[in-house]
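Here is what each chain is made of, one letter per residue.
Protein chains: 2
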Amino acid sequence: MATFELACFAQSGNAYKAALMLALHGADWQPRFVDFFNGGARAPEFLADNALGEVPVLHHGDVVVSQSAVILDYLSHHFDSYRIDTDDKVRREGLRWLFWDNHKLTAYTALHRFLTQFAPSADEAVVAFMKGRRDIALKVLERHLAGRDWMVDARPTIVDLSLCGYLYWPEEIGVDISATFPAIARWLDRISALDGWKHPYDLMPGHPLPDRA
Amino acid sequence: MATFELACFAQSGNAYKAALMLALHGADWQPRFVDFFNGGARAPEFLADNALGEVPVLHHGDVVVSQSAVILDYLSHHFDSYRIDTDDKVRREGLRWLFWDNHKLTAYTALHRFLTQFAPSADEAVVAFMKGRRDIALKVLERHLAGRDWMVDARPTIVDLSLCGYLYWPEEIGVDISATFPAIARWLDRISALDGWKHPYDLMPGHPLPDRA
Chain A
1 MATFELACFA QSGNAYKAAL MLALHGADWQ PRFVDFFNGG ARAPEFLADN
51 ALGEVPVLHH GDVVVSQSAV ILDYLSHHFD SYRIDTDDKV RREGLRWLFW
101 DNHKLTAYTA LHRFLTQFAP SADEAVVAFM KGRRDIALKV LERHLAGRDW
151 MVDARPTIVD LSLCGYLYWP EEIGVDISAT FPAIARWLDR ISALDGWKHP
201 YDLMPGHPLP DRA
Chain B
214 MATFELACFA QSGNAYKAAL MLALHGADWQ PRFVDFFNGG ARAPEFLADN
264 ALGEVPVLHH GDVVVSQSAV ILDYLSHHFD SYRIDTDDKV RREGLRWLFW
314 DNHKLTAYTA LHRFLTQFAP SADEAVVAFM KGRRDIALKV LERHLAGRDW
364 MVDARPTIVD LSLCGYLYWP EEIGVDISAT FPAIARWLDR ISALDGWKHP
414 YDLMPGHPLP DRA
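Protein chains in written order, with the numbering used here: chain A, 1 to 213; chain B, 214 to 426.
Only chain A is shown next, with the shape it has when bound in the complex (with noise of 0.2 Å):
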């Protein structure tokens, strides 16, 4: 067995955050394949693991870590590495934007996707409130990056691993960030040039999905 499990599949970009710091420090690690589109995170045994029916979840021994951020700051504790307790400054500027991510650029960016790409029907009027929500916080990211490398110190950290989360699906999400959002694209190339780094899709499991009826 690996010294990591990732509970995870490969159109997660929550699962990603995770697995891309995974990959990044060369861990030992694996995939546990985890068959969303079929309930998979609503069966029994993923619920006895987080019962907020959530991917990702990272086993580690026995110790069991759910919620992306929290599985970051796990993962940058136990690599030493990415961390954002480095002085008290970083820490709350890195803890303010992964809280923004999740309430923000994540959740309007991945329910816009989920909406148009996976759901079987969805309301026009929902998927525009959600772009709307997520073009505003792309914004905010695209001021925060011009000018500087790394969203909050000189180095990267795992609140760039989180915030990268859904933006190298540009197609899918459907905003030609290259083209909009400058500063967002040469941060995404800086991530990508990382060692170790892999698209999502090239990291986890399940891609592409099966013809569903």
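To be clear, the hints were calculated from the coordinates, so they are not data collected in a lab.
Hints may be right or wrong, so weigh each one.
Stated by the list, open to error - Below are the EDC-like pairs computed for lysine to aspartate or glutamate, each with C-alpha atoms no more than 20 Å apart in a straight line: (1) A:K89 x B:E218; (2) B:K352 x B:D275; (3) A:K89 x B:D275; (4) A:K89 x B:D298; (5) B:K344 x A:E124; (6) A:K131 x A:E172; (7) B:K411 x B:E218; (8) A:K89 x B:D293; (9) B:K302 x A:E5; (10) B:K344 x B:D389.
Please read all numbers here as calculations on a predicted model, not as lab measurements.
Mind docking chain B on chain A? Use the hints.
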């Protein structure tokens, strides 16, 4: 000048989380009113403190902290009280619920309330979508609280204060909590019995809203 100043307004459950923490600890604090409904969170002087344009913002001497969970974390260290970092497991559990609150419970509850109570108009499908997500989150919370007094430990922590942020407005959120979610109702009673507790409308300025054209 008071030791703490909190940029807030009465209708913000996210600001309430921080205000309640200050009140429960008998802190020397005063509110700094943000006229949210007239663009106060988009004003240059506010954005200078928090480029994300989000209430609340805490001022403590030269330290400026924004984002409700980060402020709660900051104050829990300052007061050495309601902390979640007393051991690794409580810390992970606490962080997980704080992220879940920001991502799901508070996010959907606050958006649904905003659309139904304060927005000039709202699309019915969007309102229904938010309500559906909000109700799932309330069920998760109810299940977790059944048979336990506090969220992540045998005592109240900042997690309890975060999660209750929007739940003392049952009429405004349109949920008969006592009838539908008895474990949540009992937990809210436990919080409101804490020494120093006040309802958000008695703790922060700006209620009631003036009639708007």
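Are the Cα atoms of K131 of chain A and E172 of chain A separated by 20 Å or less? holds, 13 Å
Would the hint linking K89 of chain A and D298 of chain B be met if the CA-CA limit is 20 Å? holds, 18 Å
Sort out whether D293 of chain B lies within 20 Å of K89 of chain A, counting only the CA atoms. With a Cα-Cα distance of about 19 Å, the restraint between K89 of chain A and D293 of chain B holds, given a limit of 20 Å.
Is the Cα-Cα distance between K302 of chain B and E5 of chain A 20 Å or less? holds, 19 Å
Given the hinted pair K89 of chain A and E218 of chain B, is their Cα-Cα distance within 20 Å? holds, 19 Å
Agreement of K344 of chain B and E124 of chain A with the hint, judged by alpha carbon distance not exceeding 20 Å: holds, 17 Å
Is the Cα-Cα distance between K411 of chain B and E218 of chain B 20 Å or less? holds, 18 Å
For K344 of chain B and D389 of chain B, compute the direct alpha-carbon distance and say whether it is at most 20 Å. holds, 14 Å
For the pair supplied as a hint, K89 of chain A and D275 of chain B, confirm whether the alpha-carbon distance does not exceed 20 Å. The given pair, whose Cα atoms are some 12 Å apart, holds under the 20 Å limit.
Quick one, are K352 of chain B and D275 of chain B close enough, alpha carbons at most 20 Å? violated, 41 Å
Violated hint for the displayed structure: number 2, the only one.
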